[in-house]
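A.B. asks: Could you build all of it, start to finish, from the sequences and the hints given here?
Number of protein chains: 2
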Amino acid sequence: MNKLRQDRQFRPLPVPSVEVHGLFGDRQDAICESTAEVLLDRCVEAGMLRAIDVEQPSPGIVIPLQAWSGSTQMFWDSDLGKSIETIAYSLYRRPNPRLEARVDAIVDMYEKLQDEDGYLNAWFQRVQPGRRWTNLRDHHELYCAGHLIEGAVAYYQATGKRKLLDVMARFADYMIEVFGHGEGQLPGYCGHEEIELALVKLARVTGEKKYLDLAKFFIDERGREPHFFTEEAIRDGRDPKQFIQKTYEYGQAHLPVREQKKVVGHAVRAMYLYSGMADIATEYNDDSLTTALETLWDDLTTKQMYVTGGIGPAASNEGFTDHYDLPNESAYAETCASVGLVFWASRMLGRGPNRRYADIMEQALYNGAMAGLSLDGKTFFYENPLESAGKHHRWIWHHCPCCPPNISRLLASIGSYMYAVADDEIAVHLYGESKGRFEIGGKKVELAQKTRYPWDGAIRFDVTTQDPVRFSLSLRIPEWAEGAALKLNGESVDLSNVTIDGYARIEREWRSGDRVELDIPLKPRTLWANPQVRQDTGRVALMRGPLVYCAEATDNGAGLNGIVLGGDISNAKTAEIAELQGAVALDISVARDKADDWGATLYRTSPPKVNQATARFVPYHLWDNRTPGEMLVWVRAGEVGR
Amino acid sequence: MNKLRQDRQFRPLPVPSVEVHGLFGDRQDAICESTAEVLLDRCVEAGMLRAIDVEQPSPGIVIPLQAWSGSTQMFWDSDLGKSIETIAYSLYRRPNPRLEARVDAIVDMYEKLQDEDGYLNAWFQRVQPGRRWTNLRDHHELYCAGHLIEGAVAYYQATGKRKLLDVMARFADYMIEVFGHGEGQLPGYCGHEEIELALVKLARVTGEKKYLDLAKFFIDERGREPHFFTEEAIRDGRDPKQFIQKTYEYGQAHLPVREQKKVVGHAVRAMYLYSGMADIATEYNDDSLTTALETLWDDLTTKQMYVTGGIGPAASNEGFTDHYDLPNESAYAETCASVGLVFWASRMLGRGPNRRYADIMEQALYNGAMAGLSLDGKTFFYENPLESAGKHHRWIWHHCPCCPPNISRLLASIGSYMYAVADDEIAVHLYGESKGRFEIGGKKVELAQKTRYPWDGAIRFDVTTQDPVRFSLSLRIPEWAEGAALKLNGESVDLSNVTIDGYARIEREWRSGDRVELDIPLKPRTLWANPQVRQDTGRVALMRGPLVYCAEATDNGAGLNGIVLGGDISNAKTAEIAELQGAVALDISVARDKADDWGATLYRTSPPKVNQATARFVPYHLWDNRTPGEMLVWVRAGEVGR
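One line per chain: the protein sequences are A and B, in this order. Just so you know, we're using UniProt numbering here: the first sequence kicks off at 1 and counts up by one. Just so you know, we're using UniProt numbering here: the second sequence kicks off at 1 and counts up by one.
To be clear, the hints were calculated from the coordinates, so they are not data collected in a lab. Just so you know, even glycine gets a beta-carbon here, dropped at the ideal spot from N, CA and C. A couple of the hints might just be wrong.
What the hints assert, rightly or not - Here are some chain B residues pointing at chain A (derived, C-beta under 10 Å): (1) Y324; (2) R505; (3) R525; (4) R539.
As the list claims (entries may be wrong) - Pair ranges (Cβ atoms, derived): (5) B:R626 with A:S288: 42 to 48 Å; (6) B:K523 with A:G582: 55 to 61 Å; (7) B:K523 with A:K378: 57 to 63 Å; (8) B:K246 with A:G160: 49 to 55 Å; (9) A:G557 with B:S496: 37 to 43 Å; (10) A:P187 with B:H393: 57 to 63 Å; (11) A:D287 with B:R604: 41 to 47 Å.
C.D. replies: Below, the structure is given as structure tokens:
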């Protein structure tokens, strides 16, 4: 029984089993063309290779290092790990021997860097060698290991090369010695979660249950009393109460995870933790974890999530504040956090399709996450505000370069988020032009998805099978998809008869030539926020399908808060924007405050005059890809339709 | 010609020449009763006396000092200076021998601390003795001196005791040796303006023009090239580009003052500079300064000022950002900055009454500034946001305790802002129950102002003169005062015939028994902001007279952004609130989003239901004096009246 159980229900389709086209395909092309190499180049520019290369002088102690390179952080291994992961996925789509050779060289460096006992962390081997495992709360050692493990798994799967995987498995074996309740072991866990979900991936690729057990150990220990972080600080001669973030909520270590009911602290940490918890819940059929996760899911999605799927409004803790506190202009809403929400949502689907999770996965993906990568794949957002006065722009690199490789690895592997498979069921969670290859009951099944989604809601599935094969095909019907219609081989299917948990489930013996047609009307809709969200009162957000729309100054001129949108937007016209790779814009008749005839005064007793005008709205995730300027998601709502 | 010229037009009435009652009187009572002593107590608790007392061990170098007391700053002399000034004014109203004795003891300490050459600064004598005059940009030495001079002048005027005045005059004489363009002199000025206006006060009380000349020197040198701060940094072995605030705009030293057109940088510094410039413009009849000041005035009041007279929206520089950038919830709007705006405005009245300045003086005083002091005089605001989610509250003390003594010294001396006098004219800038004693052409004149203003707009002036005396009485007619009416001895006076620059000017031979009645209707009014203020679009602020109103949760429950105010507020009812010392509240019928039946979802396609309700608005400066909670100034505007 030290081998991995295979009794969980749904697993994502492996990345190479999905051919991706359409919008996601365009993004993957940009990643193959630019981002994959850009990530590596910028890691190198930031000094990361000098840091891990034992042939070069050690970067020295902390302060000199800052002078030596202003762009590195204690956790640079994680950036390399995520970059390797991105490159690995990109190699499926477009073989790139030169890039692969660069990764091989990095892997060689890591192999040489690894200590005899298996320990591996550039910072604590090269910069602060005496400080290994002295401060799990702040030092990111296991976080870095987690990202290197994810990179190693992906690189092994993409290339068949085991070297980095073996290095990381040795490190994980060493962790098993270090962590535990035995004599001389540490009952600890990392302040920044990540190792948990990475160990699950390592277990799945190696078939070794011991890595799952370690992941579960980290999850089970988190937040228990006596508190590990407190005891560790005392051992290390530090005042346990003196640390920047002041509270263990920052790293979700304030309570045992099964007792947590409110999503708190650093948003990325929270998402990675819940992702790991969901994996462990699936692997161990652990209902106590699932119950906690469902409570946390509701808390996040009904009280703390931007309409973009952005999460974590505050810069101060890169994370959560109070329920219903969702400031727009100062929204932190880190790209990584929305990426993390996609990770979590996808893992909540491990126990079966449910649009409660998949709808949010799609919403976070298409808006909060995808905003993080420019169309050309070369520039990035870290924060994702829902309003900008025109000074927030994509950057080339960031002193904390976590987001670029994070959104890139997600998009480069998006196929595995689109499709999942169980013993006798295929679930389609996300729509988009693509082809998925499955094996059901030992038989090959191919599902060709033909669609222009998310620009158009007509979706066709053509089935090809080796032999006729019985399975269920589950297609998500988004909650917002009013008037969706389904046909099987030309015959209408009554959705109300076949829909379970928001998925239309067609069980039959499928054979080549079978065709399913799903039509999801993509009528623009206005959303109001719960009145407790003070920042959105009297305002509406515009959506079409899964996409949140925004107004940009480049289309509308400055003064976007002068726009007043009526409740009735049935007059909206669509337009394809060539500059945005054919994205669908919405042109809507609005009222608009006149600013030009106001005069010089700052305040007066009469309101501004109002014009009728047409405003153009474009998908939020595409903003700041053209002439930079103001941007606004929540526009003022008129009385019409109220 | 080294004596002070006396040819400027208007000077504020000295503090003891005005008896103040009504609302201002209540505040002064609270200051006499509590604040004056509280300020001194808290300075002592913060370790300031140990710092200046040469009988006690030196606080040591910087870092140990921080451990020694967490509440002191490099510029503590300024806090003592402002506290002494507050106490001095309070002694007119209420003699307090015990408090006066405490000040005398502090003055003795300063006398002992002063160096042989006249230098006086607790930090650079006791903590960093080798660093005198090495970093004018950051070190606040002249700023501290300025506040001690202001304190010394006020204390001398209140008590007749010259000791501190003599100490500070010696220091100023030493400054005259140190600063200038001569051999071995420094052509510098302080990074934090204040010394300029203080030297004007010193010149006025001593009659010594040399202090005016030094103030003018500091103003003239500011921002000139080659830049003093750059040269000083190089001399001191510092990189001139490496400093926290990055730009000389922070201290308004980016350009020579006469070339400055935009109000930039740290708000308090800007206000103190402009106050000094206005004084020098008056004293030297310097039109080049006046022209610059008028441009800066327009820039501030038409593009950068909250409706409360709060200024400086950003915490990052405690100051200004862009034109029309006036965020409400994150508004910094430091109490000191509004106090500084009152200082500046009052000095712009030095060359004659003009409501362009006096209206803003009143607006900043009654709202942005007075909010800084609680009704009981014991707690303080530093930041003054125009919206609070319920977590912004008055504090007992601040690590940078500049605001408490600043608003206190302003209110304790408010009489001198109410009345000004020229050779043949009395100007009444502010209304409020009071009695002013003047001397015109060698004859005593008493003006008794009888009114409940700002709660009621009926104002009566009764004149008492020694003998009949000819002068003009100028009464401000606020720009907002629609329908104001004036009577002289019962006879109506046509305002349009007598109003110049917004002041009704009655020139005649006045005699005892003359009565002037001014009626200023205090009808509530709604204000819209310039549409370029994105944060206020679709919203209105409510004012009545000079007072900005706000809604508080204690009156209205939570969810203040659910309130929608129609343009028509003629149905407003007034109510006197006993808890707020009889302040007039406004009860207005509004629409209000229903939050309780919305359900659990965060976003939905239908708007919230709307109720009719009555909302209560109270004067902004009185908020957070009752049960703490949400507060909102700019409420949503309905379509009514548009």
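A.B. asks: Determine for every hint whether it applies to the structure shown.
C.D. replies: Hint by hint, here is what the structure shows:
1. Y324: 8 Å, holds
2. R505: Violated - the Cβ of B:R505 stays beyond 10 Å from chain A, reaching only about 25 Å at its closest.
3. R525: Interface hint status for B:R525: holds (5 Å vs cutoff 10 Å).
4. R539: 8 Å, holds
5. B:R626 with A:S288: 42 to 48 Å: 46 Å, holds
6. B:K523 with A:G582: 55 to 61 Å: Given about 57 Å between the Cβ atoms, the range holds.
7. B:K523 with A:K378: 57 to 63 Å: Given range 57 to 63 Å: holds, Cβ gap about 59 Å.
8. B:K246 with A:G160: 49 to 55 Å: With a Cβ separation near 52 Å, B:K246 and A:G160 satisfy 49 to 55 Å, so the hint holds.
9. A:G557 with B:S496: 37 to 43 Å: Since A:G557 and B:S496 have Cβ atoms about 41 Å apart, the given range 37 to 43 Å holds.
10. A:P187 with B:H393: 57 to 63 Å: Given range 57 to 63 Å: violated, Cβ gap about 41 Å.
11. A:D287 with B:R604: 41 to 47 Å: Cβ of A:D287 to Cβ of B:R604: about 31 Å, so the range 41 to 47 Å is violated.
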